[in-house]
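Asker: Top to bottom, those sequences are chains A and B.
Under my numbering, the first residue of the first sequence is numbered 11, with each subsequent residue one higher.
Under my numbering, the first residue of the second sequence is numbered 7, with each subsequent residue one higher.
Derived by calculation from the structure, the hints in this document are not laboratory data.
Keep in mind that the hints are not guaranteed to be accurate.
The list that follows gives simulated cross-link-like pairs (lysine-lysine, BS3-like), each with its CA atoms no further than 25 Å apart [stated by the list, open to error]: (1) A:Lys-208 to A:Lys-61; (2) B:Lys-280 to A:Lys-238; (3) A:Lys-208 to A:Lys-12; (4) B:Lys-287 to A:Lys-242; (5) A:Lys-227 to B:Lys-215.
Covered by chain B, per the in silico footprint, the following chain A stretches (three or more residues, Cβ under 8 Å) [to be verified]: (6) 14-28; (7) 79-87; (8) 241-247.
Quick reminder that beta carbons are idealized off the backbone N, C-alpha and C, glycines included.
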Amino acid sequence: MKKILVPVKMVLDANARPRVRADETGIDLSGMRMSINPFCEIAVEEALRLKEAGQAEEVVIVSIGPAKAQDTLRQALAMGADRALLIQTDETVEPLAVAKLLHAVVMDEPPDLVILGKQAIDDDCNQTGQMLAALLGWPQATFASAIRAEEGRLLVTREIDAGLQTLSLPLPAIVTTDLRLNEPRHCALPNIMKARKKPLTIRMPADYGVDVRRRLKVLAVRPPSGRKPGIKVATASELVGDLRAAGLV
Amino acid sequence: MTILLIADHDNRVLSDATGRALTALCAMDDAVHILVAGHRAGPVAESAARLCGAGRIILADDAAFAHGLAEPLAALVVSLAGDYRAIAAPATSGGKDVLPRVAALLDVMQVSDVVRIVSPDTFERPIYAGNAVAVVQSTDEKKLLTIRTSAFAAAGTIDAAVPIEEVRAPHGVWLARFEGETLSSRDRPDLASARVVVSGGRALGSAEKFQDVLGPLAERLHAAIGASRAAVDAGYAPNDLQVGQTGKVVAPDLYIALGISGAIQHLAGMKDSKIIVAINKDEDAPIFQVADYGIVGDLFEIVPELEKALG
Ligand SMILES: Cc1cc2nc3c(=O)[nH]c(=O)nc-3n(C[C@H](O)[C@H](O)[C@H](O)COP(=O)(O)OP(=O)(O)OC[C@H]3O[C@@H](n4cnc5c(N)ncnc54)[C@H](O)[C@@H]3O)c2cc1C
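From just these sequences and the hints, can you work out the full model?
Answerer: Here it is as structure tokens:
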């Protein structure tokens, strides 16, 4: 493989508690810690491992998001990626439009493999990789927990509801990552410094001629219905008594 | 106008997820056709034909569909898409894999993980691991939906089957090739549809202890077994038992969490259970904030007592 493209998204940190705005317009992200989406981080790691194993020559990172998403790109560069591209916008870009932008980037580059996270932990859509595969007419292997490059093909083990499935894909191909694919490395300080000098290009969605207007109108964002506080019981037999009374056991 | 529902099955058995998705779609007041794409999947089509609410079954039987791979299945669905007002799939691993591919080919923005159909164009879906619920209105002409099955009841069955119409597989060259699979044993009730789920976390400490502690209790309660991500990552339980934001979402009548701290990503997969029981030695564990009944203590002592009390 010559080139692997890894799209990454900046999201609210997985350890932060999302605050729903009182006016129901969305989640209040002001002052909140933003991070690389954990699944995207796993995608970056996997691309780097393929490169380090001599299976690929270059790892290119792309993100679509606000100016601040440069931090996310710099993190991927510090992990070891070669260069980065930000398609800068302050608008929320839906997966379909993201896939169209990525399609245009793939046409420009073009990579042999695109590795994406299976879902972003903010909108939890789980769509972009599959949509990109459709637009390109490429094969897809979603929810990957193992990837092996072999004689110009990729063997991908996928986590499915019934267990594990293995697919063999010719290149170019799309893979989306599940959590157990790898454990991303930590960035050492010297690498963080070095990453500042790596190339990072900025473009606008309009440069690609892609219509990024939203197709889904968000009418409201509300807190979930809460649960009533429960009780502590002292012993197992007390618990069984309560469950029996409720007809549960 | 009509809705097309893509059935979830393994060529032998129609999954319960399909019937739950059907229940959701019936609220849209349209006829629902169920697409069974498989290989030697006739029995699946026959079960689908007896689901209460199905208007017609479309059976596409071809070796290309033997393993539910996204490329041929998406091409088939696109070839049938024509007049359907909405195309839906249960949000199973199969549905999540194929439906976005269909959506992009039809230039539609999909609505994932629908938990409530408000009107034919407006849907509720959880975001941020279920920490918020978004109400979204689709402006696309066709609606593409995956349905979170834990939010809907299973469809009933009827005696008089609806007609089964056979269609051919579209021609095409499919690039991804099936190489093999490792399926988990099916000797326990299915996690996604079980009435009772017993889940174990990191505290179980090993695969042996996980099995020794959860196995008999699950047996006694006719329960499915679930696990936290930490338990799966550590190899105590197979991946298909993971409950949570990125695993399975369950809503049984009774969910028993053993040695699970209650991280938001885990809660995302079980907090709509009717009754939640938590056993954890840390009285401040977040799982107690969602539990109806909690016992603070060592699970290795309490589970045997629990079994004894159950008799
Ligand atoms: C992107 C992302 C996605 C994720 N998706 C999921 C997901 O789908 N599902 C999921 O579960 N997690 C998921 N996680 C992980 C999640 O954040 C937690 O790390 C995980 O749920 C913790 O598992 P646990 O509760 O088993 O382990 P821990 O958090 O380590 O909790 C163990 C608990 O056991 C208790 N304990 C220890 N010994 C005993 C004993 N003898 N008796 C009783 N109690 C005892 C402790 O008090 C503690 O509360 C995800 C994380 C990320 C970042």
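Asker: Sort out which numbered hints this structure fails and list those numbers smallest first.
Answerer: Of the numbered hints, 5 and 7 do not hold.
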